[in-house]
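Colleague: Taken in order, these protein sequences are the chains called D and Y.
According to this note's numbering, numbering within the first sequence proceeds without interruption in unit steps and concludes at 149.
According to this note's numbering, numbering within the second sequence proceeds without interruption in unit steps and concludes at 257.
Hints may be right or wrong, so weigh each one.
[Stated by the list, open to error] Listed below are the simulated BS3-like cross-link pairs for lysine-lysine, each with C-alpha atoms no more than 25 Å apart in a straight line:
#, chain 1, residue 1, chain 2, residue 2
1, Y, Lys-118, Y, Lys-198
2, Y, Lys-149, D, Lys-31
3, D, Lys-31, D, Lys-47
4, Y, Lys-105, Y, Lys-118
5, Y, Lys-198, D, Lys-8
6, Y, Lys-118, Y, Lys-106
7, Y, Lys-105, D, Lys-8
8, D, Lys-137, D, Lys-85
9, D, Lys-137, Y, Lys-198
[Claimed, not checked] Per label pair, the in silico range of CB-to-CB distance:
#, chain 1, residue 1, chain 2, residue 2, range
10, D, Gly-109, Y, Leu-115, 47 to 57 Å
11, Y, Glu-165, D, Val-57, 16 to 26 Å
12, D, Tyr-115, Y, Lys-105, 45 to 55 Å
[As the list claims (entries may be wrong)] Now the stretches of chain D that chain Y is said to cover, found in silico as 3 or more residues with beta-carbon under 8 Å:
#, segment
13, 6-20
14, 26-39
15, 57-68
These aren't lab readings, by the way, just hints derived from the structure by calculation.
Don't be surprised by glycine CBs; every beta carbon is placed ideally from N, CA and C.
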Amino acid sequence: MIDRLKIISALLGALLFLQALLGVVLFVKVVGYTPDAIFAYYAKKSIHGLFEVVVPHSVFITIALAGVVHFLYFLESVSLGVKRFFTNTLFVLFVLDQGSVFLILQGFMSAAYAKLFAVTAFLTLFGAIVWVVSKEALGESKEAFGE
Amino acid sequence: MKFITTKKISQNDTIALLVKWMIVLFMVAVALNIGSKMLEFGVTPSAWTLKIGGNADEFVDPMAYNELLFLLHSDLFLLIMLYVLIASLYVRLPHASRTKAVVLFVGVVAILIYSVGLLVAPMVGFTAIASAWAAFFALHLLFFVNLIEILVAMLKRHI
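Okay, chain Y solo, but in the shape it has when bound (with noise of 0.2 Å):
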């Protein structure tokens, strides 16, 4: 952890030797965790409302609330983790503080609307399953982003 208090990661070959590949593999969690998301809840919100609500009619029984609560419980820890450490990074880059905070701001609204749209969704139903679904997506894709404009800062030795 020691890039997070380095001043300047590219001033030590190593260390940003390793945040590079990190940045990279990050990538490739992200990707690996939309693919995932789809082949278990599907790509649509309907998709996802069938598989968290299920349908009497298509003899579909909805996920378990237990179930809902474990799988959230873990991919919140996924989240949390990419978060702060995508974060750490992020505050690094020569873009105005506001839009820093803005980004930085996004991404855990999104977070916070992923997990609370999943907790009520037997509740609620389809909006709350459609936020989550939105926020997960939305979230991923400023990630994606986020590491891609990183990797190009320390490609460029900015950062």
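The following block holds chain D by itself, in its conformation from the complex (with noise of 0.2 Å):
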């Protein structure tokens, strides 16, 4: 069982990888991973453009950061701090992220510099946080197993 549990599991990793990556293709085609790029697209875009980004991100990365870093809470091998502090910080940039687009809106350059910040430093942590789960998950699941 733990052998198939393992390949749904890398499937539906590859999944939320190819999800991830789209995600990744989108901004920098579309919008652009330079201050100047970022700037221009958002400060053209209506406010009911954002909104139309901006809201279904906020309910789905909301529910995703919840689901993955919850199980951040079940690993003994981190302390509550360090838990705290990631939550905290991933949270806090992924608000940067979304919300910096309204700055930009109203005209400031240095809300594209904080946007262009954000996502990268997002996707870093989150991807650093998916990877330590999964590799303790798998771990714990073989354990579970008595493998």
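With the hints as a guide, bring both chains together as one complex.
Modeller: Structure below.
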């Protein structure tokens, strides 16, 4: 059973990776990966256009974050302080990522730098947490099945 | 999400009621998703090919690749969420573990075929689009059957 679970988990992991990759590709292709490109893209959008992007991301990424990050609290190898720090940082980065576009719309160029930093840091940190949790989860499931 | 950790859902009437409603609304969502895709892309693989690839003879423009990526990005999120939530209930059914593993495997592979099929559709053409079409309908049929099985098991208080 453990091998079947591993295969299904790996395929689901591949799907989640594909989904994240699609998000990054869309960001780079449609918006651009420089502060100037980010500013140019969001500054010409309407407030309604921003809501169309921000609202579904706020709902779905929050669910995904809560789903993935809560596994971090089952790990005994990481201290509670570190867990809390990473949880707060991740959510703050996400808020900065989504919130900065409204500041760009008001003409703040510095918000484009903040957006670029937030996107990069958020993806890196989230990727690291997924990696740590997956690694530990596979080890735990092995123990649970007595392997 | 307490139902994920509750050993037997039917022992807790409140959670059981919530889960039953969730299953019913998931059925509606699955049916609506099929309906919306049929309206947007058409019913047959040829209609999907025409929508994605276009046809110069019929003056139909191909779909922009960015638009296809956007569509796939939102579709994938919906399908992953549905898959994870249905799977978390399906594993509780009193079937053989091999059967459950096969069903879960088929589900995740269908989502992958649908995604990859659409991703490579402009390069590969009809074969990729037909694969995505078949995977999409097979996946929704599987979701629907799984949801009915879960609902029946819940009503019989098996899970």
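Colleague: Just to be careful, I want the Cα atoms of Y:Lys-149 and D:Lys-31 compared with a cutoff of 25 Å; is the pair within it?
Modeller: holds, 22 Å
Colleague: Next pair to validate is Y:Lys-105 with Y:Lys-118; report whether the Cα-Cα distance is within 25 Å.
Modeller: holds, 16 Å
Colleague: Need the status of pair D:Lys-31, D:Lys-47: alpha-carbon distance at most 25 Å?
Modeller: holds, 17 Å
Colleague: Y:Lys-118 and Y:Lys-198: Cα distance at most 25 Å?
Modeller: With Cα atoms ~20 Å apart, Y:Lys-118 and Y:Lys-198 stay inside 25 Å; holds.
Colleague: Can you tell me if the segment 57-68 of chain D counts as covered by chain Y, using C-beta to C-beta distances under 8 Å and a minimum of three residues?
Modeller: That given contact holds, which follows from 3 residues of the segment 57-68 of chain D lying within Cβ reach (below 8 Å) of chain Y.
Colleague: Would you check chain Y against the segment 26-39 of chain D, counting CB to CB pairs closer than 8 Å, and say if three or more residues qualify?
Modeller: holds (count 4)
Colleague: Take the C-alpha atoms of Y:Lys-105 and D:Lys-8, compute the straight-line distance between them, and say whether it is at most 25 Å.
Modeller: Holds, at roughly 23 Å.
Colleague: Falls inside 47 to 57 Å, the C-beta gap from D:Gly-109 to Y:Leu-115?
Modeller: Distance hint for D:Gly-109, Y:Leu-115 holds at roughly 51 Å.
Colleague: Is D:Lys-137 within 25 Å of D:Lys-85, Cα to Cα?
Modeller: Holds, because 16 Å separates the two Cα atoms, which is no more than 25 Å.
Colleague: Quick one, are D:Lys-137 and Y:Lys-198 close enough, alpha carbons at most 25 Å?
Modeller: Roughly 24 Å separates the two Cα atoms, so the pair holds.
Colleague: Take the C-alpha atoms of Y:Lys-198 and D:Lys-8, compute the straight-line distance between them, and say whether it is at most 25 Å.
Modeller: This hinted pair holds, its Cα atoms lying about 14 Å apart.
Colleague: Look at the Cβ atoms of Y:Glu-165 and D:Val-57 and judge whether their distance stays inside 16 to 26 Å.
Modeller: Between Y:Glu-165 and D:Val-57, where Cβ atoms are some 20 Å apart, the hint holds.
Of the numbered hints stated above, none is contradicted by the structure.
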